[in-house]
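Please model the entire structure based on the sequences and the hints provided.
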Amino acid sequence: MIRVQQRDFDIGAEIEGLRAGRTDIGAIVTFTGTVRDSAMGARVSQMTLEHYPGMTEKELERIEGQACERWPLQASLVIHRYGPMQPGENIVLVITASAHRQAAFEAAEFLMDYLKTSAPFWKKEDGAETGGWVDARESDDTALARWGPEKKAAE
Amino acid sequence: MIRVQQRDFDIGAEIEGLRAGRTDIGAIVTFTGTVRDSAMGARVSQMTLEHYPGMTEKELERIEGQACERWPLQASLVIHRYGPMQPGENIVLVITASAHRQAAFEAAEFLMDYLKTSAPFWKKEDGAETGGWVDARESDDTALARWGPEKKAAE
Amino acid sequence: MSVKLLYFAWVREKTGIGQEQIDLPADVTTVAELIGWLKERGPEYESAFEKAHVIRAAVDQTHVAHDAPIASAREIAFFPPVTGG
Amino acid sequence: MSVKLLYFAWVREKTGIGQEQIDLPADVTTVAELIGWLKERGPEYESAFEKAHVIRAAVDQTHVAHDAPIASAREIAFFPPVTGG
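Protein chains in written order, with the working numbering: chain A, 6 to 160; chain B, 6 to 160; chain C, 227 to 311; chain D, 227 to 311.
No lab work stands behind these hints: they were computed from the structure. In this text, all values refer to a predicted model and were calculated from it rather than measured experimentally.
Pair by pair, the computed Cβ-Cβ distance ranges are: (1) A:Ala-104 <-> D:Ala-252: 44 to 54 Å; (2) A:Gln-51 <-> D:Lys-230: 51 to 61 Å; (3) A:Thr-147 <-> B:Arg-8: 32 to 42 Å; (4) A:Arg-151 <-> D:Ser-298: 42 to 52 Å; (5) A:Met-6 <-> B:Ser-43: 17 to 27 Å; (6) A:Gln-10 <-> C:Ala-258: 30 to 40 Å; (7) D:Lys-230 <-> B:Arg-8: 23 to 33 Å; (8) D:Gly-242 <-> B:Pro-89: 17 to 27 Å; (9) B:Met-6 <-> C:His-279: 43 to 53 Å; (10) B:Thr-28 <-> C:His-279: 31 to 41 Å.
The C-beta atom is built at its ideal place from N, Cα and C for all residues, glycine as well.
In structure tokens:
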């Protein structure tokens with residue numbers, strides 16, 4: 006399940022929604038990305054996420070579909086916000102549920118690595134000292150590479 | 006922070022408690038272990054966790070201390086329950102918070118791997134077809150080995 | 227051929243528009259050729275596509291390489307490397 | 227030397243007790259020797275420690291190997307491989 010939304014989300018409620026009434030799950034992993042108040046040593050007072058409506062949903066569904074193909078997941082959820090956000094606020098939530106912990110951990114990391122490198126979101130930071138569009142991090146491409154080249158989206 | 010308790014925990018509330026008022030966190034990973042209704046194909050109606058009061062707390066603190074030495078964590082929490090539990094209930098919660106996602110993911114996996122192999126808990130399953138004390142899984146030792154031998158508790 | 231072009235993040239800020247509908251000349255058949263053609267359209271496009279190699283493209287909402295064909299595309303988007311998550 | 231012994235999980239079920247205070251003979255100086263000495267104490271101990279190699283030990287709440295010394299230990303625990311989490 007994927008959701009692209011401007012409003013905040015409630016991590017606890019999302020977990021409960023995913024597992025409600027189920028007794029076949031053994032492991033639930035969540036990843037929450039949040040706005041930090043500094044980047045490269047400079048203060049960030051606000052961040053704005055621009056995205057590509059339509060393609061964003063398509064990419065998140067594609068990425069989630071790949072995770073479900075590669076790992077035996079009983080449930081998964083990706084929520085990504087867009088618009089202006091303050092330091093401390095949630096940006097993204099990934100939840101994976103499986104019978105065993107390794108599948109849940111790996112699928113959550115895979116989802117985040119793919120999301121970081123192929124979901125069409127762009128961060129702009131506002132700050133006193135600096136600000137502007139955030140550059141892509143090389144370490145994100147490195148993180149992606151460990152999942153093998155065959156599934157990477159053409160770029 | 007570690008807690009050993011019989012009562013259930015609220016994942017959402019624990020996350021909020023850990024991050025409240027903080028704007029230096031960029032990534033929060035949670036792992037929740039839950040009771041499954043089957044094991045090795047046999048139905049499980051109830052599970053009971055026995056533990057070693059005193060040593061349990063000591064081991065969890067030791068493991069959490071090692072995670073904090075190895076990764077730049079802004080916050081961490083381990084809650085482990087004991088006593089009788091029904092399928093679907095929570096058993097264990099690990100939360101790690103860091104500036105970046107890799108540290109949060111790795112520390113959470115490390116905590117779970119160590120916890121699985123060195124925290125003094127024993128599972129007993131009750132079921133119609135089978136039941137009894139759960140055997141340790143070899144895959145847990147394999148999972149542990151990836152973190153290197155130097156930090157493993159003497160056994 | 228009429229196609230919708232979309233620009234995001236600093237590509238959008240530099241072109242000055244988020245999207246536009248254009249009629250594509252028949253000899254513009256790949257993403258790279260489209261970038262070359264757009265750069266001729268004015269200083270704002272020249273500036274937006276100055277570092278063409280860092281700009282990513284999507285044809286009909288799918289990531290593509292610069293040598294990808296654009297025949298029959300309904301929607302072509304240009305943007306910097308993504309930075310979500 | 228007086229020491230507290232603790233038994234957990236199926237080791238506890240087999241010995242029939244969770245803990246006991248015992249006086250240790252001077253010639254019992256390692257975990258392995260203690261296991262050997264306990265096995266002499268009756269069929270329930272014989273049964274509990276039958277597969278001695280799978281049983282884990284902790285001296286004063288720290289995991290130890292079977293060749294670890296037990297001199298000055300206040301608390302020694304025996305249990306199966308752990309299965310929490």
